[in-house]
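Model the full structure from these sequences, guided by the hints.
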Amino acid sequence: MKPTPRPPHLFLRFFRWYCNPQLLRHIEGDLIEIFHERVTQQGARRASRQFMIDVLLLFRPGIVRPLSLQQTLTPGYMWKTNMTLAWRNLLKGRGYSFINISGLAVGIAVAMLIGLWVTDELSFDHHFTNHERLMQVMMRQSNQGKTYTGVVIAPNVSGPLRTEYRDKIESVALVGWNVDHIVADGDKKLVSEGIWAEATLPDMLTLEMVHGSRQALRDPSTMLICRSLAQALYGDINPVGKLLRLDDSQELTIGGVYQDLPNNTSFGATRFMLPWENKHNWITGVTTWDDHVCSLVVQLAEGVDRAQLSDQIKTIPTAHIPDWREEIMLYPMERLHLYGDFNESGVQDGGRIEFVWLFGTIGAFVLLLACINFMNLSTARSEKRAKEVGIRKTIGSVRRQLISQFLTESIVTAFSALLVALILVQLSLPSFNTLAGKRIILPWGDLNFWMATLGFTLLTGVLAGSYPAFYLSSFKPVKVLKGTFNVGRLASAPRRVLVVVQFTVSITLIICTVVVFQQIQFTKDRPAGYNRNGLISVPIRTPALGKQFDAVRHELLQTGVVENLAQSSQSAASFGNNTGIEWRGKDPDEVIFFFNVTISPEFGETIQWKVKEGRDFSRATPADSSAVIVNVRAAEIMNLQPSPIGEVIKHGDQEYTIIGVVDNMVTQTPYEPLKPAIFFMRGWMGTITIRLNPQVPVQEALAKIAPIFNKYNPSAPFDYRFVDDLYADQLEAEQRIGTLSGIFAGLAIFISCLGLFGLSSFVAERRTKEIGIRKILGATITNLWHLLSKEFVVLVVISWLLAIPLSAYYMYDWLKQFPYRITLSWTTFALAALGVMALTLMTVSYQAIRASLAKPVNSLRSE
Amino acid sequence: MKKYQLGEFEEIVMLTVGVLYNEAYGVSVKKEIETRLSRKVSMGALHTALKRLEDKGYLRSFEGEATEERAGRPKKYLQITALGKRAMEYTRSTREELWNAIPKIAFKISG
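If you read the protein sequences in the order shown, they are chains X and U.
When we follow our numbering, the leftmost residue of the first sequence carries the number 288, and every step to the right adds one.
When we follow our numbering, the leftmost residue of the second sequence carries the number -9, and every step to the right adds one.
One or more of the hints may lead you astray.
Computed footprint of chain X on chain U, listed as stretches where at least three residues anywhere in the stretch have a Cβ under 8 angstroms from a Cβ of chain X [as the list claims (entries may be wrong)]: (1) 13 to 27; (2) 34 to 45; (3) 55 to 61; (4) 64 to 73.
Please keep in mind that the hints were generated in silico from the structure rather than gathered at the bench.
If you're wondering where the values come from, they're calculated on a predicted model, not measured in any experiment.
Glycine included, every Cβ here is placed at the ideal spot set by N, Cα and C.
See the structure below:
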């Protein structure tokens, strides 16, 4: 017998899916009836085809199910009820709400701070109106396969740019470096950073003038000062036309006052601009092609292609320099800050952008942790509310109402957290700014900021609320109320995964922080080759001090608070000035730069360096003016056998005899390998280094030193730095990363533990009855504690196992950039793990022990 | 102002429901229209019209028996309500008025 034909199943199902439930049964009946009729009249195939057509034609408004079956009569009221309910639920579970809100608030606050910081970094140098056309001219030197790229330029290269490329380059400005100068108006003396700049610069930077004109620098005797400096010197009056004494050597007229440039620009620290053509600007005296002394900024004409022009001007300096290959290139000024590092093949490679990424990632992770907390706690708590859902549904709530209620609750929580976060950010911004070296403020009036913040908060609220909203609201009331419903093991699986993610991130951050601090400490403890303790350095900024050094020295020694003092070109913490020298047997093609330091004969004694071979300079030997001392590294490079002592080297046109070899000293960034250095006795002196008498308290000593400096150098304030501070300055970047990542790691673990605390208390609460029964049956507190803590401890162990390879990989990578570095040790990982484990146990045990101490009578009696 | 809204197809459906009296449900209405007016009626069009008429209150329905050929799905029988009757009368009278208003000469069409 042929089976009775059936209507096409797929189409019938499709129809059932879309059809309005109220109409479904009748229409389905009609469809089937007609189908059977057609089968007998026209055959099964045609009937089926007709059926499909009917189903498709029925898909039209009126038949298709409406999106919502209910009609809301009072939408505003529902909204109000939801808010009230959300508020009540928040208050009901005060502890949870506190954990939830504070955890999320900390997360949002961290993300916000980092977000502000990242924005600040990314908009570096975008302040200038023509920022897209401002280019830094950079120099590239290649020698023996290695390329050095830098912003220091020989002023000569600007010549051809001004003449031959006038149609493509609108303006050219040579700019000096930000250097401390003394500006004085009568008795008011200030040390401020300023630059020598060509008259075109203010126009290129589109300085906003408060008084005077941008063109003021055309006159070699007028200067521009920023508003805050004008305020400090003159108050609110217009200072244009007044005279300022500069470095006690000349007087300049103030030609204009400009609005301070934002901190996140290349000239953020510059407080005044000095006219380039002034006779005191030593850079104007530099005329050779191989003297790299200043920086060069150009503004391209509209529509000029940078890459093309950069290629055209590339070889301007090449022909003038015989010893190595030198080229120049144009690099966008706004990119220099973030993408300013170039590798040895001259290709752009990293820079500050790496920190932006690093902190951006950290911020995102901290926020992620906070969101995970929020989600875990809301879902865990919502399981307790399954009964509530059941009753609500029985009474007549429909799914949509439940969804909107749960969502409202979590969104209200998220926005409370945002409020707290905003307060936290506002309060912590000042200290964050100090830490990060920024001047960031909360952009209260910025629309984008608000859109991002509110959007994000809404998203968090919806995401965290989505699980209870969509999962719980789907429960069948019968099951829930009968008690056959079981949330089961599966429901807590995602929560466990999230906890593992949290702790993996936290432990990784902690290990990284520890390693960073170890590296910093390691470099701080690097043998310096001299004694930094009790050394202060005073810069020589006025001619008066340099000329009267002998008198100053005499008088200082007489006070008894000073053990010794000496002059040198740079402070011992920051040698510089690279020089090439010639020696016997040198490979003529090789270019090696030596630190070139001028010192007075007492310098070695003052800083307490160690003479390895030969002897130190001596005032008593006049011939020493043509003698040099080299360090061990330099001696190794020159490799003069049998001994470097007595050998003659050539520097410039002069010949010098090596009289001594001293121990290597860490004199620049302490991460670098040691560099060769040569010490001369004649030359320019920039610093006085003083060794204080260790028997005298520092404050007392300084109090006696200051008057002597003021007496011999009345035009400059007594300004000194401790050499170990100067040395520490060079660790600043790493110190900053260390401190910041330490704070963030701390917050991360705080947030994670907060979440764990909430979860464990939730678990303990849910198992009160079980614990009660176990106690009656004879379980000890240790048993119960073990029972309740085990789950979490296992999770932390898993996270730890994940975090080790992760952090080891990243830290190995990070450490690679330092030639002088620590080796990763297992103890670091073990200690971090132990610490986190202890913290976890403490967090979890509190709840576990509290639950197991409770009297079983209480928990079992209440129903 | 339109007092009663009744489209052309809706009117036909109402009339057919009247014709079928107690036997009016989806399939029978469809067949009746198809035979009497010899035009194809799709299930989609018919059921949308029925629903619209029910929503307007011109038709009311009650559930009937479930037969085997309908795989146990009940029939939905339709009845004209008082409001429905008035709507039909209104439509009819407006038609009449229009017919009567046509001057005789208008029908004297050549050819």
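Quick rundown of the hints versus the structure:
{"no.": "1", "hint": "13 to 27", "in the structure": "holds (count 4)"}
{"no.": "2", "hint": "34 to 45", "in the structure": "holds (count 6)"}
{"no.": "3", "hint": "55 to 61", "in the structure": "holds (count 5)"}
{"no.": "4", "hint": "64 to 73", "in the structure": "holds (count 3)"}
Comparing the model with each numbered hint stated earlier shows that all of them hold.
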